[in-house]
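Asks: Turn these sequences into a full structure, and let the hints steer you where they fit.
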Amino acid sequence: MRYLKRTKDFMLTYQRSNHLEIVGYSDSDFAGCLDSRRSTSGYIFMLAGGAISWKSVKQTLIASSTMEAEFIACYEASNQGIWLRNFITGLHIVDGIERPLKINCDNKAAELYSKNNKSSSKSKHIDIKFLVVKERVQSSQICIEHISTNFMIADPLTKGLPPKVFHEHVTRMGVICFDDMLA
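Numbering (my numbering), first residue to last: 1 to 183.
Just so you know, these hints were derived from the structure itself, not from any lab. Careful, some of the hints might be misleading.
Stated by the list, open to error - In silico BS3-like links for lysine-lysine, alpha-carbon gap of 30 Å or less:
hint	residue 1	residue 2
1	Lys55	Lys108
2	Lys108	Lys58
3	Lys134	Lys102
4	Lys5	Lys159
5	Lys5	Lys55
6	Lys159	Lys55
7	Lys159	Lys129
8	Lys58	Lys159
9	Lys129	Lys108
10	Lys115	Lys102
11	Lys58	Lys115
12	Lys108	Lys164
13	Lys58	Lys102
14	Lys129	Lys102
15	Lys8	Lys164
16	Lys8	Lys58
17	Lys58	Lys5
18	Lys55	Lys164
19	Lys159	Lys115
Stated by the list, open to error - DEER-style ranges, computed between Cβ atoms:
hint	residue 1	residue 2	range
20	Asn86	Thr13	23 to 31 Å
21	His92	Arg16	13 to 21 Å
22	His92	Leu61	32 to 40 Å
23	Phe166	His92	35 to 43 Å
24	Glu135	Ile52	23 to 31 Å
25	Gly90	Arg172	26 to 34 Å
26	Met1	Ser64	34 to 42 Å
27	Cys33	Leu91	34 to 42 Å
28	Met1	Ile82	34 to 42 Å
29	Ser140	Lys5	44 to 52 Å
Every residue, glycine too, gets a C-beta built ideally from N, C-alpha and C.
Replies: If you want it as structure tokens, here you go:
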């Protein structure tokens, strides 16, 4: 109840734009669940300066490295991103959405792995996800790009953050306090 009372004046905002581009952010923690050691995936998609889709979910596979956990999160984000682009294009409100769909990831190894055309015996349990993402990258449906952790706005979906950092990320999602709009 305290949380609801404290956040009742917050709202999701969007900005007018002639250029519509969906931009995704994909993140994960690594083995964050103390009981199962499963990682948490989180993604958020932005359009016109505000969040249009987001999800935080415990991964079904147990990742053996941070790269695997981040890569599984990229796979989940790519599924949602392609669905979003097709949905928005199908509305016939705009001519189309930019291709390839950009998904930002703060793990350089996961970005490189998505562009690699080799598989390794260490990653057999994620081979299908690897092949799906690789095919989407090669066909220019998606593009996985590395960004600094400081700009990873999906961080609050995967881990606890200090209040100041949390507020900065939420503001970048397009969530602002009504009182701040009046100031």
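Asks: Any hints from earlier that this structure breaks? Give me their numbers in increasing order, please.
Replies: none
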